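Those protein sequences? They're chains A and B, same order as listed. For the first sequence, position 135 matches number 251 in our numbering, and the numbering has no gaps at all. For the second sequence, position 295 matches number 297 in our numbering, and the numbering has no gaps at all.
These are calculated hints, taken from the structure and not from any lab test. Computed from a predicted model, the values in this text were never measured in an experiment. A virtual CB, placed ideally from N, CA and C, is assigned to each residue, including glycine. Some hints could be false.
[As the list claims (entries may be wrong)] Sample of chain A residues lacking proximity to chain B, with all beta carbon distances greater than 12 Å (derived):
#1 P203
#2 L277
#3 L498
#4 E514
[Unchecked claim] With a straight-line cut-off of 30 Å between C-alpha atoms, the simulated DSS-like cross-links for lysine-lysine are:
#5 A:K558 <-> B:K205
#6 A:K465 <-> B:K205
#7 A:K461 <-> A:K423
[As the list claims (entries may be wrong)] Partial list, derived from the structure: chain A residues whose beta carbon lies under 8 Å from chain B:
#8 A470
#9 G502
#10 H506
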Amino acid sequence: MAFFTHHVSLCHCKNPMPEQTTPILELCNVSKRYGGAVALANVDFALRAGEVHGLVGENGAGKSTMMKLLAGVYHDYVGEMRLRDQPVRFTSPADAQAKGIGMVYQELSTFQHLTVAENLFSRQPPTRGGLVQWKHMNQEAQAHLRELGLNIDVTNLMGRLSVGTQQLVEIARVIFSGAQIIILDEPTSALSGPETRRLFNFIATLKAQGKTIIFISHFLEDVLEVTDRITVLKNAHKVATLDTPNVTKHQLVELMIGSDAKILQQMYEQDQNLPRRPSRLTGETALTVDRLSRPGAFHQISFELHKGEILGLFGFMGAGQIQLARCLFGAERPTSGVIMLNNQKLNLKNTTIARNVGIAYVPENRRNSLMLEQEIYKNITLAHLGRLLHGLLNQRTEVTIARTQIEQVGVRPPQPFLRVGALSGGNQQKVVLAKWLTQQPKLLILNEPTRGMDVGAKDEVLTIVQKLRDQGVAILLITTEPETIVRIADRSLVMSKGRLTAELSGVELTKENLMKHA
Amino acid sequence: MTETISIKPIAARNPALLWVRRRARDLAPFATLVVLVVFFSLSSDSFLNIINLRNILAQVSTLAVVSTGITFVLLCGEIDLSIAAVATMTGVVAAVLFGKAGLPGPVAVLAGALAATLLGLLNGWSATRIGLPSFMATLATMQIATGLGQYITKGEIVYTLPPMLQYLGGEYIGQKDPWRLPVVILMGIAALIIGHFVLTYTKFGRYVYMTGSNREAARLSGINTQNIVATCLAISAFSAGLAGMLNTGRLGSAQGYGLEDMLLDSISAVVLGGTSLFGGEGGIKNTLIGLLIFGVLSNGLNQLQLDIYVRLWVRGVILLAALIINIYALRLRDTEAVE
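So that you can see chain B by itself, here it is in the shape it has in the complex (with noise of 0.2 Å):
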């Protein structure tokens, strides 16, 4: 009888604003894209031209893959501090060993790639197994892979590329230029879609919300939440390592430093849009309209040719008031809950 009660005046009261309240979690970040795109659109002639838009998607577009994997570690309620260190590392693995072992391009690539993939287990080993904080022990690995990227290319800049990096991190699609796309646009769109599709629809992606939501519950349920986290860790590590090797390819080289920014860029646009950092809500979707802002932003900030000692900080403070948004949102929220 009561909790009929409790719940049906609510419903009642508003359906529009009760929907509005239940999605606070990604409106807020829509909102706050809508309102920076609108922002410098308004204030910069150059912003809403083809070829900048086009340009913010990619220079999005490596993060987008590097988010997508970190989305998955954030939703189960871990972090990995080692996706740069290890997009760093896992470029300069296949660079070396197409270019100085003479290995096929493909065979470089996948041997990057399980390179990455490795590090990601040794993660979620010792998250699991040995039961370390994930902060600790991704922090290791990072250390790890910023060392083995520079022990392999002592310093060097390697700019022979598997051509297959090249293409996809370096080539277009078409050939007149407003037209004509880059591909790893494709690249980061497929890795979103990716991993949409498995967080969606596959046991294995409600695994990872249910690890998020609740361990313990998760576990008293019957499902192997060390796997699921390791698992998680290995995929983010895995994108990571893609992301690293596409940026090679964007670049036209592979050096053991450069990408630090990636590790903070990546989590915080997943935050933005909304995904919670203690796991459980948020998903693709966010990390997409975070990416967006994110995007954005810092072009938009370019755009207003402000003084580069001031963009910095200016990105900043826009970056926190959307945070702070989004926990106003959230707040707006969790009263539904209470009444």
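With the rest of the complex left out, here is chain A (with noise of 0.2 Å):
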């Protein structure tokens, strides 16, 4: 059958092929082009039945535009697809669900304030002469979940569940809606621990039952652990297909990255540490917390950081890291304990008082800290207008600062005037680390600085950290990467369920110290 195929295919790509094995799904010389910019180039990709095949690269590197291609969100791409041995073109995401391929984005697409069963009856619920079948609903959505291997209670409204069990339910929705063939984009970006597990274990499961599976990660160690093989791009070029037992991380690196950015590979080689400098106790006290507290988030925190310190704050999601640094930064109201600044008591009552006294905050996501539609000049200089500024407004005034931050920081375009909203992640989140830098903060409190980023771009905004630390600003750095915190941190905290359950300096500062606390 595969030979005979073969040989009447139209598709003149040279995915190699095993004889017994035919691909599902196709790629054959595609090219897809934005304007001017090639974010696919002559790419051949073949997809077999019933395996999980990773897609890595950097940002930029072609990734999702594959991925936005096989969900047939894009149709004007050269080259052909094909799909069980067919040319398919895919009409809108809707065809391509239709053809049995779903789709899971990162930013899961749950409705919070309905049940399990709504949700995964969501695009069609059973119904009876206009009515809805609640009982029926209920009832299938319970068999289909325990077929799937999965104990959820579908009378749950979707909200109250984790994030990584509504992500399972999601799957299921679009297994239930008839996809063969899912695509994962960056699925365990927002799990802990325990939740990646039980996600591989889902998808061992589904591969059992005959799914086909792609897998599209930052994170390689997932990558490897769960793939059958995997294909790099690099500047949407497909450089690879390697079956995953042969190849290692280090190689990995090196096909997305060329061998030429050894520096860069730090970001993705724990083992490799720089040698640290000495531990910076020796500063003065910039910011001591004593037993503070929020019900529900925190409890009885206590720590100190010195000026001249970058302190790391490690914790899975949902440790109640987050929260601690929104009361530190006045958004929220801790219910009790005492924050001190250089030994003065603070009194957080709201964000503008923070500011003032000289706190600095990044939050988690870059939803909440720009404005997207306004100009890149506003934004930056936003946070310290008022000392910027006396009296009146002065848009040249505002735009030479802007200038200045956006060539400290590296924002690519340097165009003041352009909507932060036109910029890449890592450039707008460079924006966010501008606004405040144009006062030098005495406490700079990092949320996930480097989420979601490219290697380069993540080097980048670390130095510049760096750089902050050197000056004598004292940085608290919170992420859910123990590269980013192992890389740059001078002494680590990590928190656990609301609790800090160690603290890590010097040589036992690394990712598996952090990990095993956390």
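Mind docking these for me? Both chains are given alone in their own frames, and the hints should help you get the complex.
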């Protein structure tokens, strides 16, 4: 059969296929451009039925373009897509779904106020005479989840479930609506360790049931653990497709970023730590937090942070670190405890007070930190507008200030009048940093400063952070990525379920120890 | 790398087209205005007459004052339903304090403005400290203000007005007809200029835009967004009060009813001009265009001598068409962002 189809097919691509496996989905010499920019160049890609196929590459390598092409979002590409050996060109995401391709986006598209059953049936609930058959719907939804090995009560409201569980439901929904090929976009980025494990078990179950999975991720360890084969993209080209058992993380990184970019690899290579500076406990105390509590979020948190120190705060999602950070910036109020900056007790009733005493705050997600519709310069001058300009607004002064900052943090393109929304994620994050650097902060709170960034942008942002430390700024670095802490923090706290569980420094500050205490 | 690539081709394609797209929010209402002016000039002999043009301005002048205030509220992403009621009540308060209580004119006017501002602060307090949606908070205030206005007048019409209001609302500068100018037009223009100045050249104005653009981001940039919203609601009530008092001067009397149209008229004028109902985009320039569209349309339909029963729904249809054009213009702009 495979032999036969190989000769009849019009496909000119050179996807090497062992005789016994037919590709279920194929891209043959596919290219896609946005205006003048090439997003995919002559890509061949073959997906075997029943495999878990990893897709890796830096930001901008073409992963998301390829994903959107497969999911039917784009149809203006050059080249051919073949589904079960038939040429196809999806006209819309609905069309792709009807033909058995399901997509689970990183930002889940679930209905938080509806039950699990309603979410599963959201596209077409069972009705009789126009009325929803509730009992029938719940029974069927429950049966469907059980079939997939999931033990989740379908009458729960979606919003009550953890992100990890919601994701499993979302995958189940996609399968329920007929998907045989499931594309998972960064599925582990928001998951805790145990949740990731549960997802991998679920993927194994799906594989056993004959489903095919495309697993797109920045987390190379996850990709190496869960996939059968891996395709590496770089600069819009496919670099290689490899059998997972024969590849190491080191090789993947080399393929993704090229061997000349050795320094950048440190982001992905947790074993190879930079020699750390001696602990900086000698600096004066900048921030003192004493028995700070907020019920439901965190309890009895006490620590000190010194001038010229980067203090990491590691924890999995939902450990209470975000709420703690928000309390330190006056965005939320703790119920008890004391916060002191330079030995002055603070009463942070609102964010304005926090800003005025010299605290800078970078939120965990860019949606909460930028006005995407507004120009870059207005975003940059916003935080310290009152100190930067005396009296009336003056566009020329503002733009001059913005240009200095843009240059300092390396926003590209360096155009102050561009809307922030037109920038890439990494550059948007640089704008958020720039906003807080128009005045030297005393305390800089960073939430996930490098989330979702490509290696190069991460490197630039971390360099800026290190420079600020050298200038004497006290920095609290909150992240769920242990690599970032291991790389630049002088000391780190670990938070788990609302409590501080460890303080690590020197040789003890390793990825393993961070994970162990979280 | 990829960033520069994704932006340059668009800019390089056609700078003029790009300029038009970027300013779609401002240009679409302007085009609507031009079309209306051309249409009415051609279809009616009396439309382009100087006196008629002056009348158009006079007709939208008190509306301009209240619209300036509501522009602040819409820009920060809130709504104020109490403006017409506050305007009515304020007119009544000033007239009664002057005519019945015998206070000096300026004192009565100040007291009226103060009463309006207090109601605005009440709106601000319930919308920010309490956390009521401004829609509900101002709906309640609307009833309070309406009720107070009627309670004070008990259905009477008050004809004794502070002379200041008679002058500002109803007098002219100059003597002979085509060239004398109603003072109320100057008041409208002054309100718009002050509003524009505050929104464009002060830090407060910038904070208003940023609060409307992304409230959480503004808050996490150290802006006291609650104070911004509350201040905007106070400004809105203050300008409504001013408009209400000017209106009594224009009519020569104060009464507890009759201004109900002002609420929807001012909001439609602001939105017609291209200011977003969801905050962050637009401004007084847009409000000015919206007011002119509104004035030209109402006046023009009168000039056409349409049946009064036809006029209202025709006006509604044209307003709807103008709003649809605005939306399409915005889509055009947004496609630029996607490319």
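Of the hints given before, which are not true for this structure? 3, 4 and 10
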